[in-house]
Amino acid sequence: MIRYKPSEVVDFIVIGSGAAGGVVAKELSTAGFSVVVLEQGPYIKEKDFNHDEFGVGFQHDISNNPKLQPNTFRTNASEAATLGQRYNYGRLVGGGSVHFTANYWRFHPDDFRERSVFGDVPGSSFSDWPVTYDELEPYYTKAEWELGISGLAGSNPFDGPRSRPYPLPPLPVKSSGVLFERATKKLGLHPFPAPMAVLSQPYLGRGACVHCGWCETFGCEMRAKSSTLASVIPMAEKTGRCEIRSGCYVRRIQSNAAGRVTGAVYFDSRRREVFQKSRAVVLSANGVESAKLLLMSASKRFPNGLANSSGMVGKNFMWDLGGLVSGLFDHPLNEYKSVQVSRVIHDYYAADPKRGFYGGAGIDARFDWFPITFGLDGLPPDAPKWGADYKKMLGNYFTHTFSTLSHNTSLSVETNMVDLDPSVKDSWGLPAPRLTFQLHPDDVKNAEWVQKRQVEILEAAGATKIWTYPLDDVGISTHLMGTMRMGNDPARSVVNRFNRAHDIPNLFIVDGSSLVTSGRQQPTATIQALAYRAAEAAAEAAKKGEL
Amino acid sequence: MTRRELLLSALSAATLSDIASAQQHAQSAKESDAAFRYLATADAREIEALAAQIIPSDGTPGAKEAGCIHFIDRALETFDREKREIYRTGLAAAQKKRAELFPQSQTLAGLESSQAIELIRGIEQTEFFKLLRTHTIMGFLATPAWGGNQGMVGWAHIGLEHKMAFQPPFGYYDGAAK
Ligand SMILES: Cc1cc2nc3c(=O)[nH]c(=O)nc-3n(C[C@H](O)[C@H](O)[C@H](O)COP(=O)(O)OP(=O)(O)OC[C@H]3O[C@@H](n4cnc5c(N)ncnc54)[C@H](O)[C@@H]3O)c2cc1C
Chain A
1 MIRYKPSEVV DFIVIGSGAA GGVVAKELST AGFSVVVLEQ GPYIKEKDFN
51 HDEFGVGFQH DISNNPKLQP NTFRTNASEA ATLGQRYNYG RLVGGGSVHF
101 TANYWRFHPD DFRERSVFGD VPGSSFSDWP VTYDELEPYY TKAEWELGIS
151 GLAGSNPFDG PRSRPYPLPP LPVKSSGVLF ERATKKLGLH PFPAPMAVLS
201 QPYLGRGACV HCGWCETFGC EMRAKSSTLA SVIPMAEKTG RCEIRSGCYV
251 RRIQSNAAGR VTGAVYFDSR RREVFQKSRA VVLSANGVES AKLLLMSASK
301 RFPNGLANSS GMVGKNFMWD LGGLVSGLFD HPLNEYKSVQ VSRVIHDYYA
351 ADPKRGFYGG AGIDARFDWF PITFGLDGLP PDAPKWGADY KKMLGNYFTH
401 TFSTLSHNTS LSVETNMVDL DPSVKDSWGL PAPRLTFQLH PDDVKNAEWV
451 QKRQVEILEA AGATKIWTYP LDDVGISTHL MGTMRMGNDP ARSVVNRFNR
501 AHDIPNLFIV DGSSLVTSGR QQPTATIQAL AYRAAEAAAE AAKKGEL
Chain B
1001 MTRRELLLSA LSAATLSDIA SAQQHAQSAK ESDAAFRYLA TADAREIEAL
1051 AAQIIPSDGT PGAKEAGCIH FIDRALETFD REKREIYRTG LAAAQKKRAE
1101 LFPQSQTLAG LESSQAIELI RGIEQTEFFK LLRTHTIMGF LATPAWGGNQ
1151 GMVGWAHIGL EHKMAFQPPF GYYDGAAK
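Respectively, the protein sequence lines represent chains A and B. Position 252 of the first sequence, counting from 1, maps to 252 under the working numbering, and the rest follow consecutively. Just add 1000 to wherever you are in the second sequence, counting from 1, and you've got the working numbering.
Here are the simulated lysine to aspartate or glutamate pairs, EDC-like style, with alpha carbons at most 16 Å apart:
#1 B:Lys-1163 with A:Asp-52
#2 B:Lys-1130 with A:Asp-377
#3 A:Lys-392 with B:Asp-1058
#4 A:Lys-385 with B:Glu-1127
#5 B:Lys-1163 with A:Glu-221
#6 A:Lys-67 with B:Glu-1082
#7 A:Lys-385 with B:Glu-1118
Calculated from the model, a selection of chain A residues having no Cβ within reach of chain B, i.e. all distances over 12 Å:
#8 Arg-3
#9 Lys-5
#10 Arg-74
#11 Arg-115
#12 Arg-272
#13 Lys-300
#14 Asp-352
#15 Glu-456
#16 Arg-492
Calculated directly from the structure, the hints in this document are not laboratory data. Predicted, not measured: the structure shown is a model, and the values here were computed from it. Even glycine gets a Cβ: it sits at the ideal position worked out from N, Cα and C.
Using the sequences provided together with the hints, build the complete structure.
Here you go:
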């Protein structure tokens, strides 16, 4: 791998090597540019991944560790924020694409114009996107073919038009998928095979999924999960122009009096400060970390933080909303095998004014549990918590349960935001992000309505027992969206329709932060389609000498 | 949000060196009578007696055979160091309760099963017992590298076969579908 000197002015710095950053690094380096990717997490590979639920799930082996990088949380600005983990992301080369569940849904055409279709929602900043589905379609297709997505084109009647089918057939159906499909058809709904960023067959030199089951929250030893680590990052490195510099925690994007960015200051793995120079910067650190970094990069010229003349940096933060409903079945399902999800419905995706609120959801059949989490919390709330009866139920339920998970809209609200905590610092002495989030009343109504649909499905599937989980605690968010929204109006948005900062010509912000609406969660396909498109725009501008 | 994700906040996170040393300790705990690192042996046996009521050894292996106490010992030695006080005061309170309820008894480990169950009903809602439950279940179901789940008896109990690869059909219903 090529190594650049920090004093060398490279064409692009990409901050963060996750779902978006990995794509951008590959696109820019194959277009002929010199690229340094600064990633705070370690560069670990397939051979280093394991099936250690305690390490991965509870000790944060490959995700952000709140002991080192804490955050605070409050529901509104008049409340004092308190410590406690509220967001979770993959902290390694490949970022969240390494450990994600790999549901790979395109947004629907109406997602991009939903404000016009549905109308205004009081108390929200609900808006149309400055991009249409048709404009994004070629980039969805590119992502699917380059990363390796399994699915069945045409099987979801609510999907937008597509120019090509998926490159790979769907993964095998699980017992949960068979039961879910039967039940939803009985209810007149339209189940379809889950589109997954997991290879159902060998593809582009990578192995197919072997159905080990340790998928969500884990890294894949087979390179079958289509993370950027397994797919595009090796292509970037092969150009000889892209350096992946891991263990580098960026603390500041440097800017000059002319209002341009000049590089990034980071702590290396030995916590020494280094300044890497560049002609342009692409910020891809995710919906929370990118906002934090822009706010930490204030200067004389940009006193409120970089790219923040609108005051919109950090605002309109949207949460990963949804609810779980579980059911027990007579025969063994053995859901612990294979990927988490095999069947989905989008029948309740579109918002319907007749319901009396804004909102919608996709629902999937899944097993969202591993042994420890199931042992702690997988049984019905009325089950014994210890003793012989607990042990007996645990032994039976683990193999006989599946859940439906809903993926619900999270309305954008300007007061839901990420900013810097005034007092709490992380282990490097940098300010901890402070998350402010409160459900919009329509989010609450939607969640209650969707939960009823999930119960209906499990009833129709023949579950002998059904149990729900409380909807009032939003828990920990894993889909970090909306803090630097995209728009045509520089007074109301942070980046333009090509993810370029309105205020700073040589700064691009390309990650979950630019999303204007939350779709029905599962944002990664859209984040990566936008990343392909933004990288193309950045390369074009650079070639024209505009950066 | 799923309950699973809520749980991420339930336990404190370790530093990398904690994890490394916890795993080293776990290596040496492979035999269930290995020495304890943090707990005094007498206390360990008392805690183990309570854990054995959470997942009893009723015909099939329970917390005791899985060596959950070694997971707990490692936790208190390394990544859950700051929870030592909860164990110390919790165990003392449990002993006090034992002496009140069963004045003839000497130890928790010496109680009849029905007596131990009665005692636990009285402390079920305490921070100590909730933490002990969490640790016991974790020890029973984590990979054996963390000290518990010895011989993978926890996984055997829940019906999880640990293999690197599976072939469909995975369960009854997808099998029947073919
Ligand atoms: C358990 C889990 C399951 C998920 N399942 C799904 C799913 O099924 N479908 C779906 O669509 N989405 C899913 N997601 C969400 C998905 O992971 C994210 O949407 C996606 O990874 C976001 O991409 P991103 O490029 O915005 O950021 P990320 O992928 O988070 O990448 C950001 C990268 O930047 C690095 N970074 C941050 N700050 C700095 C800094 N200051 N200096 C240097 N580097 C930095 C981070 O370490 C990280 O590697 C899941 C997430 C989790 C946690």
